Amino acid sequence: GENVEQHPSTLSVQEGDSAVIKCTYSDSASNYFPWYKQELGKGPQLIIDIRSNVGEKKDQRIAVTLNKTAKHFSLHITETQPEDSAVYFCAASTDRGSTLGRLYFGRGTQLTVWP
Amino acid sequence: EAQVTQNPRYLITVTGKKLTVTCSQNMNHEYMSWYRQDPGLGLRQIYYSMNVEVTDKGDVPEGYKVSRKEKRNFPLILESPSPNQTSLYFCASFDFQEAFFGQGTRLTVV
Chain A
2 GENVEQHPST LSVQEGDSAV IKCTYSDSAS NYFPWYKQEL GKGPQLIIDI
52 RSNVGEKKDQ RIAVTLNKTA KHFSLHITET QPEDSAVYFC AASTDRGSTL
102 GRLYFGRGTQ LTVWP
Chain B
82 EAQVTQNPRY LITVTGKKLT VTCSQNMNHE YMSWYRQDPG LGLRQIYYSM
132 NVEVTDKGDV PEGYKVSRKE KRNFPLILES PSPNQTSLYF CASFDFQEAF
182 FGQGTRLTVV
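Which chain is which? The protein sequence lines are A and B, in order. So the first sequence is numbered by the working numbering: it starts at 2 and just counts up by one. So the second sequence is numbered by the working numbering: it starts at 82 and just counts up by one.
Quick caveat, the hints were computed from the structure, so don't treat them as lab data. Keep in mind that this is a model prediction, so the values were computed, not measured. Just so you know, even glycine gets a beta-carbon here, dropped at the ideal spot from N, CA and C. Accuracy of the hints is not assured; some may be wrong.
As the list claims (entries may be wrong) - Per label pair, the in silico range of CB-to-CB distance: (1) B:Arg187 with A:Pro9: 47 to 57 Å; (2) B:Asn107 with A:Lys69: 22 to 32 Å; (3) A:His73 with B:Lys98: 39 to 49 Å; (4) B:Thr189 with A:Asn4: 44 to 54 Å; (5) B:Lys146 with A:Pro116: 20 to 30 Å.
Unchecked claim - DSS-like, lysine-lysine: derived pairs with alpha carbons at most 30 Å apart: (6) A:Lys59 with B:Lys152; (7) A:Lys69 with B:Lys98; (8) A:Lys43 with A:Lys58; (9) B:Lys152 with B:Lys138; (10) A:Lys58 with A:Lys38; (11) B:Lys138 with B:Lys150; (12) B:Lys98 with B:Lys146; (13) A:Lys23 with A:Lys43; (14) B:Lys99 with B:Lys152; (15) B:Lys150 with A:Lys72; (16) B:Lys152 with B:Lys98; (17) A:Lys59 with A:Lys38; (18) A:Lys69 with A:Lys23; (19) A:Lys43 with A:Lys59; (20) A:Lys69 with A:Lys59; (21) A:Lys69 with A:Lys38; (22) B:Lys152 with A:Lys43; (23) B:Lys138 with A:Lys58; (24) B:Lys98 with A:Lys38; (25) B:Lys98 with B:Lys150; (26) A:Lys43 with B:Lys146; (27) A:Lys58 with A:Lys72; (28) A:Lys72 with A:Lys59; (29) B:Lys146 with B:Lys99; (30) A:Lys23 with A:Lys59; (31) B:Lys138 with B:Lys99; (32) B:Lys98 with B:Lys138; (33) A:Lys72 with B:Lys99; (34) B:Lys98 with A:Lys23; (35) A:Lys38 with B:Lys146; (36) A:Lys38 with B:Lys152; (37) A:Lys23 with A:Lys38; (38) A:Lys23 with A:Lys58.
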């Protein structure tokens, strides 16, 4: 099955700085890579995703990049704010057209943004 | 409002006493799944269901059972809970694009 590695496990940044979280995957058949944000006391929520036919996707202060050859993808958060503090999970899946395939999650990154 | 509802949110129980954590979704999704979240281990899949009466094991199914008698409900059953099942549990339902998670159930087995 798929193996998703995520680094770092904890990340502390000053407000306004950028944060980068990196993931690698093992199965070359994986073609869908979402990122989930889990705030304290809540379930994870999708914040951005990317499919293997694109190399980068942006949504305001967050962006995701994908390198299919190297089998790694990254989450970039610019101009971090205290409300960005959360646990972030990367995941990989095989998009089978009409259904979402099984999601394989990384172990999570605890991001803390200091004011 | 689209949502996944888990109950209870918190549960303390004793070793060996059967319990059920309920999960219900109102989005008519076919695919649902249970995860447990432990520090440093992330989200590990326990069981999943692709449709009514179709269930399969995930990565850590030992000690758990599930059933899917109707599309909206996917309960997680612990027949004889043990302390190593103390964890934070999440139910999720899936559409083509996204997994929708419940609020979580914090289970403590003493």
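Hints, verified against the model:
{"no.": "1", "hint": "B:Arg187 with A:Pro9: 47 to 57 Å", "result": "violated (26 Å)"}
{"no.": "2", "hint": "B:Asn107 with A:Lys69: 22 to 32 Å", "result": "violated (36 Å)"}
{"no.": "3", "hint": "A:His73 with B:Lys98: 39 to 49 Å", "result": "holds (45 Å)"}
{"no.": "4", "hint": "B:Thr189 with A:Asn4: 44 to 54 Å", "result": "violated (30 Å)"}
{"no.": "5", "hint": "B:Lys146 with A:Pro116: 20 to 30 Å", "result": "violated (46 Å)"}
{"no.": "6", "hint": "A:Lys59 with B:Lys152", "result": "violated (35 Å)"}
{"no.": "7", "hint": "A:Lys69 with B:Lys98", "result": "violated (48 Å)"}
{"no.": "8", "hint": "A:Lys43 with A:Lys58", "result": "holds (26 Å)"}
{"no.": "9", "hint": "B:Lys152 with B:Lys138", "result": "holds (18 Å)"}
{"no.": "10", "hint": "A:Lys58 with A:Lys38", "result": "holds (17 Å)"}
{"no.": "11", "hint": "B:Lys138 with B:Lys150", "result": "holds (17 Å)"}
{"no.": "12", "hint": "B:Lys98 with B:Lys146", "result": "holds (14 Å)"}
{"no.": "13", "hint": "A:Lys23 with A:Lys43", "result": "holds (23 Å)"}
{"no.": "14", "hint": "B:Lys99 with B:Lys152", "result": "holds (24 Å)"}
{"no.": "15", "hint": "B:Lys150 with A:Lys72", "result": "violated (39 Å)"}
{"no.": "16", "hint": "B:Lys152 with B:Lys98", "result": "holds (27 Å)"}
{"no.": "17", "hint": "A:Lys59 with A:Lys38", "result": "holds (16 Å)"}
{"no.": "18", "hint": "A:Lys69 with A:Lys23", "result": "holds (14 Å)"}
{"no.": "19", "hint": "A:Lys43 with A:Lys59", "result": "holds (25 Å)"}
{"no.": "20", "hint": "A:Lys69 with A:Lys59", "result": "holds (18 Å)"}
{"no.": "21", "hint": "A:Lys69 with A:Lys38", "result": "holds (23 Å)"}
{"no.": "22", "hint": "B:Lys152 with A:Lys43", "result": "holds (24 Å)"}
{"no.": "23", "hint": "B:Lys138 with A:Lys58", "result": "violated (33 Å)"}
{"no.": "24", "hint": "B:Lys98 with A:Lys38", "result": "violated (34 Å)"}
{"no.": "25", "hint": "B:Lys98 with B:Lys150", "result": "holds (23 Å)"}
{"no.": "26", "hint": "A:Lys43 with B:Lys146", "result": "holds (24 Å)"}
{"no.": "27", "hint": "A:Lys58 with A:Lys72", "result": "holds (16 Å)"}
{"no.": "28", "hint": "A:Lys72 with A:Lys59", "result": "holds (19 Å)"}
{"no.": "29", "hint": "B:Lys146 with B:Lys99", "result": "holds (11 Å)"}
{"no.": "30", "hint": "A:Lys23 with A:Lys59", "result": "holds (16 Å)"}
{"no.": "31", "hint": "B:Lys138 with B:Lys99", "result": "holds (20 Å)"}
{"no.": "32", "hint": "B:Lys98 with B:Lys138", "result": "holds (23 Å)"}
{"no.": "33", "hint": "A:Lys72 with B:Lys99", "result": "violated (43 Å)"}
{"no.": "34", "hint": "B:Lys98 with A:Lys23", "result": "violated (42 Å)"}
{"no.": "35", "hint": "A:Lys38 with B:Lys146", "result": "holds (28 Å)"}
{"no.": "36", "hint": "A:Lys38 with B:Lys152", "result": "holds (27 Å)"}
{"no.": "37", "hint": "A:Lys23 with A:Lys38", "result": "holds (14 Å)"}
{"no.": "38", "hint": "A:Lys23 with A:Lys58", "result": "holds (15 Å)"}
The structure does not agree with the numbered hints 1, 2, 4, 5, 6, 7, 15, 23, 24, 33 and 34 stated previously, though it agrees with the rest.
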